[in-house]
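Engineer: Protein chains in written order, with my numbering: chain A, 1 to 296; chain B, 1001 to 1316; chain C, 2001 to 2336.
Treat the hints with care, since some could be wrong.
Selected chain B positions facing chain A (in silico; Cβ < 8 Å) [as the list claims (entries may be wrong)]:
| hint | residue |
| --- | --- |
| 1 | Leu1002 |
| 2 | Val1019 |
| 3 | Trp1116 |
| 4 | Leu1120 |
| 5 | Thr1170 |
| 6 | Gly1172 |
| 7 | Leu1257 |
| 8 | Thr1261 |
Since the hints were derived computationally from the structure, they do not count as laboratory data.
Positions of the beta carbon are idealized from the N, C-alpha and C atoms, including for glycine.
Now for the letters of each chain:
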Amino acid sequence: MSAVAGMATPLPAMSRRRWRALRRFARHRLAMFGVAAIVLLVLGCALLPQALPYDDLHIDLRHRFQAPLAGPHLLGSDPLGRDILARLLMAGRISLTVGFVAMLISTVIGVVIGVFSGFYGGAIGAALMRLVDAVLCFPSIFLLLALAALVSPTLPMLTLIIALTAWMEVARVVDGQIRALRGRDFVVAVEAIGASDLRLMFVELLPNAIAPIVVAATLNVARAILMEAYVSWLGYGIQPPTASWGNMLNNAQEYLTSAPWLALLPGAVITLAVASFNFVGDGLRDALDPRMDPHR
Amino acid sequence: MLRFLLLRLGQSALLLLLVSALGFALLHLLPGGPLSQFALSAGMTQADMDRIAHQMGLDRSLPVQYLVWLRHMVLGDWGRSYRDQQPVLWVITSHLGATLELMLSSTLLAVLLGTWVGVLGAIKRYSVADYLATIGAMIALSIPTFWFGLVVIYIFSVNLAWLPAGNIATIGDGSLLDLLRHLIMPCVVLALVTVATWSRYMRSSMLEVIGQDYVRTAHAKGLAPRHVLIRHTLRNAMLPMITLAGLQVPTLLGGALVAETVFTWPGMGRLFLDSLGYRDYPVVMGLLIVSAVLTLVGNLLADILYVVADPRVRLG
Amino acid sequence: MSGAALLDVRGLSVRFRSDAGPVAAVEEMSFSIMPGETLALVGESSSGKSVTALAIMRLLAPPPSCVIDGQVHLHDAGRTATDLLSLPEPAMRRVRGGKIAMIFQEPMTSLNPVTSVGAQIAEAVQEHAEASPRTAWGRAVELLDLVGIPDARRRVHDYPHHLSGGMRQRAMIAIALAGQPRLLIADEPTTALDVTIQAQILDLLRRLQRDTGMAMLFITHNLGVVAEIADRVLVMYAGQVVEEAPAQVLLRAPLMPYTSGLIRSVPRLAAARTPGVRLAAIAGNIPDPRDRSAACTFSPRCAHMLPEPCLRERPPMEVVAPAHGVRCARWREIAA
């Protein structure tokens, strides 16, 4: 199977393998739905606001608390009369950006730590993995909130601390992969001709561990979007008047009886975005996993 | 068995030490530094802080500070709450019960429901129900817990008025029925994520066991499918789930924080948020440590349970 | 032998569903097993021998993944014959582990790792007899003793990982005996064991047969084992029976080229000592089950193949002598 083909000479068979993997991914309908949803969300948040009559900050006191489809605001308006659709789209820019950038940062941290720990093994590896275990003992939300309360709530800071609570899983995955690949023939061969450690780590080993990293990274975006939502809803994340999907839910509970759409709409969008990334991540995992299920 | 136990205890102790070091590092970000945890109140002047700093040895080297701090923590002196001067440990333990009630009840619900869904998914593999269950699980993992809570409150409290919208009990009525009515919604909301994860892992564990030779032997003995399922398949498929359960503690605690906030449940999660809002750092620190300890205890218990359940792991 | 057969298989066919369409694993198998006799089912891997056994026990997947045709009549003393393939499932469960028991190839993985062997035997006892748990446990100890496990009273509490491969296979046999079977199907029970243990297990099986009078369907690819234990032999190739004969007749004077090829390919010590003598293997590979052309399935590998009649059609089973059948179009010429 493709795993065996990949053992002795990992890269040459890649393009054939990648094509087969792509076909499997395409057959995975949920993943395709996820990709479509993500593309729509990204394009919508980036381009649509220009086309709307109202922008997210415009206060329309004549149409406060308007229900969706009951007036000039397509998806309704909030207590200050701001257009919900416009706010959702602008908030989307923030939340999606935070999700994506946090994923990038956490992936870099996780990969670096994982590669070093997996490559050197022994005491260094054990120490690093124990460090990962220790950080994982704290619930992420607890850590996130504690850090958020201590630093200034700017967008870059928030992204950074979300990343700081998300790198551990990536580090573990990378550590496992590198450890497994460490003793393979192709590594030993390059080592024997005197390659430096760094070259071995990042040129030989890392490219062969890409698949699980991509899966973990995709799932990390989903997680980061959720974390931003939690933190902003609790008031420690993105601060008003800048909208994020999370902080749009700030006061939703108060108005649950009178204006339920204030709570229902942002939450539904968050669920859609997070689910889409989860579907894509799951589809990638199935597509890139050499252990195939014959009845799929 | 004893050796295994000691080994695990040793590992946990080591992790606890690492956790404490991380906590100590975190404290350095606090205004007033790490030992301000033991200072009397937040509204002190700089001179007060300097005096206390000297008293507590803040001017000594970092490792010494750590040891001083560690000694306080181990001896149970976790400082006093900035808000009401109560000992931090006491404040935390008085909120522990409510959180445990929520966590344990939702875990029970999640395990029962998740096992049922996972087993069904494995038996009726690739059927419509299985496909729906898989999608359902993935969506459930994508729903923000607090939003789910809001939706549930909207349906059952606002619209149908069947269940109370928050708190652990109605004032003046502490009956079992009242407690249960208050528990249902937060319990279900908290269980959502665990059910999704549990059912997926249960399904794949079941599928792996179903393909094993000994299940075929059980069928060849002429046993009824029900017996094969419970005594042979499920019995073995549950083993990796025990380990999973132990790993769920941090997720549960985080979820509990959110659920407690939505349902104004008087537990540790709410306490954490309230204390954070008041900048009551001693309590915040204490809660962080407690959460890590609970995680370690949960893992330890899961490991012990695993050794009891799987005779292959026992020594001899 | 006179008298009615214990098991009568007529036209058994097993088809699996695959991506490329239905695949025939077993085609039109017919044979009988007499009470008390040992019938060996010989063939290479993928010849369909295990599938035949699983089909009789109805342990294969239900349709549409797997479709079974034909009839399998079980003659129980005094009662009329029942067709196992058309029995409702609850009735079949009574037969499974009861009248017909089966033991498998891999003793290391065929026992539930988290239950004691005693509990697993007692479970089988309770399923097929009205027995209290205490009685069943006692019977489990007796059975362990019967299969030659020393210190049975203590070992009955052991878990499978406490037992060696040979002991686990004995425990499996004990489980199989729990329902007092009239037929024991043994699917390569000694293949995964050391040669010395193999001999012990074969001895055990022969002894048990003698004492209980049960018949045995012994599946193997090892002709040495066949020589030791079989009364009659069925040779299978590509899902069909290609030769059927009493053991001594088959081993001394086989009529089907495949059978002679199998016998020749058994390594001999004398030949190993003679310089220049090579190991005689049958050239080629087993045909792909998806590709069943109209020619004799063995023809690509047969040294005696001639386009006429071998490639023209599939030969039917011919009766050569009482109890000796062969599926070869040219057996007369080859034997001469």
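Engineer: Taking the hints in turn, state whether each one holds.
Structural biologist: Right, here's what the structure says about each hint:
With 8 Å as the threshold, the beta carbon of B/Leu1002 stays out of range of chain A, its nearest partner Cβ sitting at about 24 Å, so the hint is violated. Checking B/Val1019 against chain A: minimum C-beta separation of about 5 Å stays under 8 Å; hint holds. For the restraint placing B/Trp1116 at the interface with chain A, the shortest Cβ-Cβ distance is roughly 22 Å, beyond the 8 Å limit, so the hint is violated. Restraint check, B/Leu1120 versus chain A: the minimum CB separation of about 18 Å is more than 8 Å; hint violated.
Interface hint status for B/Thr1170: violated, as the beta-carbon distance to the closest one in chain A is roughly 19 Å, over 8 Å. The beta carbon of B/Gly1172 is not positioned within 8 Å of any beta carbon in chain A (closest approach about 24 Å), and the interface hint is therefore violated. Contact between B/Leu1257 and chain A, as hinted, is supported at the beta carbon level, the nearest pair being about 6 Å apart and thus within 8 Å. Checking B/Thr1261 against chain A by beta carbon gives a least distance of about 7 Å; that is within 8 Å, so the hint holds.
The structure shown violates the earlier hints numbered 1, 3, 4, 5 and 6.
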